[in-house]
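Chains as they are written, first to last, in the working numbering: chain A, 1 to 189; chain B, 1 to 258.
Hints may be right or wrong, so weigh each one.
[What the hints assert, rightly or not] For lysine-lysine, the following DSBU-like pairs were computed, each having C-alpha atoms within a straight-line distance of at most 35 Å: (1) A:K168 - A:K158; (2) A:K177 - B:K227; (3) B:K246 - B:K229; (4) B:K14 - A:K122; (5) B:K227 - B:K246; (6) A:K158 - A:K177; (7) A:K122 - A:K158; (8) B:K14 - A:K158; (9) A:K168 - A:K122; (10) A:K168 - B:K229; (11) A:K177 - A:K122.
Hints listed in this document are in silico derivations from the structure and should not be mistaken for laboratory results.
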Amino acid sequence: MGGGPADEELMLRYGGGDSGAFEALYDRHRGPLYRFLLRQVSDRAAAEELFQDVWMRVIDARGRYEARAQFSSWMYAIAHNRLMDFYRASGKAKLLGRDGSEAALDELPADDPPAEVLLDRKRAAERLLAALAGLPEAQREAFLLQQEGELTVDEIAKATGVSRETAKSRLRYALAKLRASLASEREES
Amino acid sequence: MNDPHDNDLSRIYKEGAWPEPSRQIDEAILSASRRAARARHPLVWRWAPPLALAATVVLTFTLVLRVYEERPGERIASPALPVAPSLPGAEKRAPPAAKEEKSAAPLRAASEQSAPVSTPAAPPLALKKQAPEAARGDRAQGGLEQRVREAAPAAQGRRSETQIQPLSAPLHSSEPPSPVTPQPAAATSAPVVSGGAANDAATGGIVIRRSDSPERTPQTWLDDIRKLKAQGRTEEAERELAQFRKRYPDYPLPDDLR
Numbered sequence: 001m002g003g004g005p006a007d008e009e010l011m012l013r014y015g016g017g018d019s020g021a022f023e024a025l026y027d028r029h030r031g032p033l034y035r036f037l038l039r040q041v042s043d044r045a046a047a048e049e050l051f052q053d054v055w056m057r058v059i060d061a062r063g064r065y066e067a068r069a070q071f072s073s074w075m076y077a078i079a080h081n082r083l084m085d086f087y088r089a090s091g092k093a094k095l096l097g098r099d100g101s102e103a104a105l106d107e108l109p110a111d112d113p114p115a116e117v118l119l120d121r122k123r124a125a126e127r128l129l130a131a132l133a134g135l136p137e138a139q140r141e142a143f144l145l146q147q148e149g150e151l152t153v154d155e156i157a158k159a160t161g162v163s164r165e166t167a168k169s170r171l172r173y174a175l176a177k178l179r180a181s182l183a184s185e186r187e188e189s
Numbered sequence: 001m002n003d004p005h006d007n008d009l010s011r012i013y014k015e016g017a018w019p020e021p022s023r024q025i026d027e028a029i030l031s032a033s034r035r036a037a038r039a040r041h042p043l044v045w046r047w048a049p050p051l052a053l054a055a056t057v058v059l060t061f062t063l064v065l066r067v068y069e070e071r072p073g074e075r076i077a078s079p080a081l082p083v084a085p086s087l088p089g090a091e092k093r094a095p096p097a098a099k100e101e102k103s104a105a106p107l108r109a110a111s112e113q114s115a116p117v118s119t120p121a122a123p124p125l126a127l128k129k130q131a132p133e134a135a136r137g138d139r140a141q142g143g144l145e146q147r148v149r150e151a152a153p154a155a156q157g158r159r160s161e162t163q164i165q166p167l168s169a170p171l172h173s174s175e176p177p178s179p180v181t182p183q184p185a186a187a188t189s190a191p192v193v194s195g196g197a198a199n200d201a202a203t204g205g206i207v208i209r210r211s212d213s214p215e216r217t218p219q220t221w222l223d224d225i226r227k228l229k230a231q232g233r234t235e236e237a238e239r240e241l242a243q244f245r246k247r248y249p250d251y252p253l254p255d256d257l258r
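Chain A extracted, bound-state conformation (with noise of 0.2 Å):
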């Protein structure tokens, strides 16, 4: 996560009422969650909406927490019942549509390579985030958490309440889905 306070010290800085401590945080987290979420559901709206109900939860839990688990398991914990909530309320889970994949990929960032180089690395993150989106929700969701959370196994199997082995083998089956998925799109190409 970079140099600087813990998560946890800000945390609990901020629970002390210091406002700073949380922009830090909030400025560590944003992107990763933003994308996790947005990966979660259909569209970008929906992304926000989540977003925000994470961070207003985050924010109301201030003056409760303690620093016993790591602070990014705790927000992924928080960010994967709402999502629960989500699908629950909105039925089965929807696989990113164009719109989140599209609007994605207008966001990469600009690089210096040459055009063809960045050409072929826009193909390949678009058939990863199509495969990505093929998968089951359990186990993308692991996969998300492992990228952008930055989660280990045992964080990712205590933040969505299940046990190690289910959560590693989520993660190993994602990959390996992921992987056939870039692999077969290679071949054809």
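Place chain B on chain A using the hints.
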């Protein structure tokens, strides 16, 4: 840990899109966090529990001190209760200090239950006056109660609470005085407070009636004299009237007996 991981996939994923929340969302969340931080001021939050504890301690100490200060009054009052048995025939009463009365109210209630002789009509003055006479009185308790009851209608309007109050006030300032109070054991020799116009001036609104006959009030005594007269027992009637005048010098005699 041996977590499943694929560096190539991670790289491709990270080289992909980096969508981020809009600025409006950022602003909304950050301003909400600032508002929340202001709402729970750290100083107030930090000092609230010790302040509450200190306030509780001070309050408790004050209450304990107050109770302790009031206790000496009770100590003075409480010996008065056991004094009563040592005065056979005399009414039990608490010292007339108003402050002590106030603090000893629950005690009084308890003592009234156990010893129903706590009388509103036990003034020091009345007791002093009646003490010698009380010694020779051998009236039955029932008779006294009856006399008091008889006297009640006769003095309606004047006697009563306002008259009894000066005597009972020091003891029962918070209680409405009862004009007819049962006077069980102690009342047999204690003075009976009742209404009577004749003695108002002499006793400051308090009529103290005593009679050799436990059944007779001044009025009944006069009625008896009338009966004697009517029966032609004039001498007896005269004698009785003389005794009556002696006993009640200020009592206004009816015209027929003058």
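So, going through the hints one by one against the coordinates:
For the hint pairing A:K168 with A:K158, the CA-to-CA distance comes to about 12 Å; that is within 35 Å, so the pair holds. Between the alpha carbons of A:K177 and B:K227 the distance comes to roughly 130 Å, so the proposed pair goes past 35 Å and is violated. Taking the CA atoms of B:K246 and B:K229, the gap is near 19 Å; set against the 35 Å cutoff, the hint holds. For the hint pairing B:K14 with A:K122, the CA-to-CA distance comes to about 11 Å; that is within 35 Å, so the pair holds.
For the suggested pair B:K227 and B:K246, the alpha carbons sit about 20 Å apart, so the restraint of at most 35 Å is met. For the given pair, A:K158 sits about 23 Å from A:K177 by alpha-carbon distance, which is consistent with the 35 Å threshold. Note on A:K122 and A:K158: the hinted pairing holds, with a Cα-Cα distance of about 33 Å set against a maximum of 35 Å. Between B:K14 and A:K158 the CA atoms are separated by roughly 24 Å; this keeps the pair inside 35 Å, and the hint holds.
For the hint linking A:K168 to A:K122, the alpha-carbon distance of about 29 Å falls within 35 Å, and the restraint holds. For the given pair, A:K168 sits about 126 Å from B:K229 by alpha-carbon distance, which is inconsistent with the 35 Å threshold. Between A:K177 and A:K122, the direct Cα distance comes to roughly 20 Å. Compliance with the 35 Å bound is thereby established for this hinted pair.
The structure fails to meet hints 2, 10 from the earlier list, while all remaining hints are met.
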